[in-house]
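Per our numbering: the first sequence = residues 290 to 1170.
Warning: the hint list may mix true and false statements.
Stated by the list, open to error - Okay, derived cross-link-like pairs now, DSS-like style, lysine-lysine, Cα gap no bigger than 27 Å in a straight line:
id	residue 1	residue 2
1	Lys-553	Lys-501
2	Lys-517	Lys-536
3	Lys-859	Lys-928
4	Lys-894	Lys-1170
5	Lys-727	Lys-798
6	Lys-1041	Lys-1000
7	Lys-928	Lys-894
8	Lys-681	Lys-1113
9	Lys-319	Lys-842
10	Lys-294	Lys-658
11	Lys-842	Lys-859
12	Lys-876	Lys-845
13	Lys-894	Lys-811
14	Lys-536	Lys-559
15	Lys-859	Lys-876
16	Lys-826	Lys-727
17	Lys-1143	Lys-1164
18	Lys-762	Lys-660
19	Lys-1054	Lys-379
20	Lys-1110	Lys-655
21	Lys-811	Lys-826
22	Lys-536	Lys-292
23	Lys-1164	Lys-894
24	Lys-520	Lys-498
25	Lys-928	Lys-658
26	Lys-522	Lys-498
27	Lys-887	Lys-928
28	Lys-379	Lys-356
29	Lys-368	Lys-292
30	Lys-1000	Lys-1054
31	Lys-798	Lys-1000
32	Lys-501	Lys-754
33	Lys-658	Lys-501
34	Lys-522	Lys-490
35	Lys-859	Lys-724
36	Lys-414	Lys-292
Just so you know, the hints here were simulated from the structure itself, not pulled from any lab data.
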Amino acid sequence: MPKNKLLLVDGNSVAFRAFFALHNSLERFKNANGLHTNAIYAFHTMFENVMAKEQPTHVLVAFDAGKTTFRTAMYEDYKGGRSKTPGEFKEQMPYIRELINALGVQYYELDNYEADDIIGTLANKVDKELFDVVVLSGDRDLTQLATEHVKVDITVKGVSEIESYTPAHVAEKYDGLTPLQIIDMKGLAGDASDNIPGVTKIGEKTAIKLLKEYGSVEGIYEHIDEMKKSKMKENLINDREIAFLSKQLATIDVDAPIEVDVDKLKYEGKDLEKLVPFYQEMNFNSFLDKLQITAEPVEMEDILFSVVEEVTEDMFQGDTALYVEMMGDNYHLEDIVGVAWGNQEKIYVSNREELFESPAFTDWLKDEKRKKFVYDAKRTYVALNRYTTAPKGIAFDVLLAAYLLDTNDTNNDIAGVAAHYGYDAIQSDEAIYGKGAKKGLPADEEDFFAHLARKVAAITNLTPKLTEELAAKNQTALFEEMELPLSMILAEMEITGIKVDASRLHQMKGEFAQRLHEIEEKIYAEAGENFNLNSPKQLGVILFEKMGLPVIKKTKTGYSTAVDVLEQLKEQAPIVEDILTYRQIAKIQSTYVEGLLKVIQGDGKVHTRYVQTLTQTGRLSSVDPNLQNIPIRLEEGRKIREAFVPRETDWVIYSSDYSQIELRVLAHISDDTHLKEAFIEGQDIHSSTAMRVFGIEKAEDVTPNMRRQAKAVNFGIVYGISDYGLSQNLGITRKAAQQYIDTYFEKYPGVKTYMEDVVREAKDKGYVETLYHRRRYLPDINSRNFNIRTFAERTAINTPIQGSAADILKIAMIDLAKRLKEEKLAATMLLQVHDELVFEVPESELPRLDALVKEVMEQAVALHVPLLTDSNWGKTWYDAK
DNA sequence: GATGTCACG
DNA sequence: ACGTACGTGACATCT
């Protein structure tokens, strides 16, 4: 029979260590009620680490009972002189007990005794034949307990570093001492942290020397007469009583009157019923997520549902939750493996293709009046559109709502979102389907159906909850009038896709391959050897070791070879220029030419996916392929745009973008007189800034260089400026950059006030908002760590600007989709690139589209300054410039 | 899976 | 004194 293992944890000292392990993140660890949670969090991590490492069969956490113990009775100054325990720590102790309880572990305390004594007694008492013992503490005093069957783990640093004390390790560390002699050592040398006095002038070193000769405190005093006359001997004689008292104080009582039945300490696993709500209360979302994944197959209550044989109309009564399952991310291509729908009364599940043909089902999908609640409307829409018909009447999207409520908390599956809102009758997809190569449908079809049914139940449960939360945060309109309608428009844009001229790309591929080959050969010749040009590591060795170029910047792992570094080196070695060219072409070749070719579908188009629930600011992102970062700045790359063409030959690509939308938004929110004036009068904004910052009277006296610098300042303002950032960007000194900033704020006091106000508000409320109540929480805004805090401050400044600009474009898109339909234009909206919309349009419709787009975009919202757009068109996206 | 680099707004 | 511009995604390399 394998031996049992008993883990004994010194609750107070581990908690105390935990508190200080994450002390510099104190302000980041706060739950919704303002409770600090750093010690709870770190305690949890430390405890789980040891549990995983030791795999004990039995566990107990011991706590100190109170202020007075038998030791204070002996020596009233015991543990005296300690600085007061911080309030931020004390408030967490009750929750640590609650956590231990939820982790399925018992704790124990005993009047008059410290945790040490409980641990010592239990370690001493258990049957050594049946049990090994592991002690976890933050206090080295406990090392005296180490024996052949008791190992003492002491937390050393951070949350994960532990030092294990066995008798052998003690001997090694203390020059041959046994664990029990540690007590004698404390008797002689004392212990400042517990305020144990010890003998005058004797420290650890001397104590060890004495103990090696005489064995123990008692041994020393038995032979004290034999010692030669010395100051030390005198001290020993004078402090005899103190020595014995100190030893007694340092001795852990291994025979305390405790009433713990070791058999009752058997570890039976976590108590999920307590742990899930505890994590929720503490906002420990990462632990919550992990729980979904690693939790033993939770015994879920059975869920009632019907597997549909034949679809009938009565299956679609009233408001209904709908879920469409696919095994992969790309809903443009993935097979639908199952569909479930229902409400409180009844849930239906089906994996039969006939479903999509059945009129009862398709009529319901097409009926706008019969409301559908879903998780991820766009995904649902695109998939169903492909199999049968586009669903109408989608009235709620749990994923989208969760994202709006807290942008930090999504990208989870339903189970993650559900757990966050206190609903746990569902497991994660990973738990049911597995992950990586092993991902697939469960062996038992019944498990799969039950999982789908639970998703429908979760959506049903969460819809009213999240609706209420949105209202509480004043986000109902944002959700109902902006994000949800937009998701349908995005779905249509994705489905439409944009045509890509593969032959053009193939042609470019050949040309670039040729050029790359030539540059490569040249570089190898210059370097005198062949190496992997794509490896920054190998390139670093060539440039900075072999060729001896000066190291300008380092990364975590070695030399930096980024553009700004190479730019500074190109004077010194011709190879550098070639490397820059190589990098530029290689990027275009791999990411754009080859990358795009890989994702062209059978219809000759690419169908991106806009991720609507990801960014912290409200922007969209685009994946698979990313069509929001197609090259434009450099001519070489810009050519890629020649491959983006309209779907019909007599059509053109039309593009319209907002001019300076972020600075206009800033002018609006800050209400700064001069900034507003510049836009109202239609001035060139960067020149206007240059005039004010450099004190120029006439516009024609602004040099291109001044304008360039002013442009950088304007960018900096939007990003939450810092002297360092601006100096890097402009290649000027920090002092000069600071001078620019100071002058800017002097000339634009409204902007300065806005920045101060928004940061103060963020510190106050913990979040910032856009014009349309999109919210971003900034938990770091009050951090004591300079870097973390200032980063949050810059974010507080930038987010309302970037986010409101995103709001405006979203509104324009919704208005435009509506108008295009009303005006019965054939023109189609294809892409959104943050401040730009791209369409394809029959040439004959161009004038009408141009007028409409301009009108709608410029009138999308009314700001204190005008909104302006620039538009262009041509045979390809490249030509729409 | 993390890291460095580089494409976009 | 601290060491940064804001927001993204894809690719190649290396652990």
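Restraint status (C-alpha distance of Lys-501 to Lys-754 at most 27 Å): Cα-Cα ~70 Å, so violated.
Hint consistency between Lys-887 and Lys-928 [alpha-carbon to alpha-carbon, up to 27 Å]: Between Lys-887 and Lys-928 the Cα gap is close to 18 Å, so the pair holds against 27 Å.
Hint consistency between Lys-319 and Lys-842 [alpha-carbon to alpha-carbon, up to 27 Å]: Violated. Lys-319 to Lys-842 sits at ~37 Å, over the 27 Å cutoff.
Pair hint outcome, Lys-1143 versus Lys-1164 [Cα-Cα no greater than 27 Å]: Given that 27 Å is the threshold and the Cα spacing comes to 20 Å, the pair holds.
Pairwise hint evaluation, Lys-501 against Lys-658, where the allowed Cα distance is 27 Å at most: violated, 89 Å
Pairwise hint evaluation, Lys-859 against Lys-842, where the allowed Cα distance is 27 Å at most: holds, 15 Å
Pair hint outcome, Lys-414 versus Lys-292 [Cα-Cα no greater than 27 Å]: holds, 16 Å
Restraint status (C-alpha distance of Lys-368 to Lys-292 at most 27 Å): violated, 38 Å
Pair hint outcome, Lys-1110 versus Lys-655 [Cα-Cα no greater than 27 Å]: Holds, at about 18 Å.
Straight-line alpha-carbon gap Lys-522 to Lys-490, limit 27 Å: holds, 11 Å
Pair hint Lys-1054 and Lys-379, alpha-carbon separation not exceeding 27 Å: Status holds; Cα separation ~25 Å.
Restraint check for Lys-520 with Lys-498, where alpha carbons must lie at most 27 Å apart: holds, 16 Å
Violation of the numbered hints given earlier is confined to hints 1, 5, 9, 10, 13, 14, 16, 22, 25, 29, 30, 31, 32, 33 and 35; the remaining hints are satisfied by the structure.
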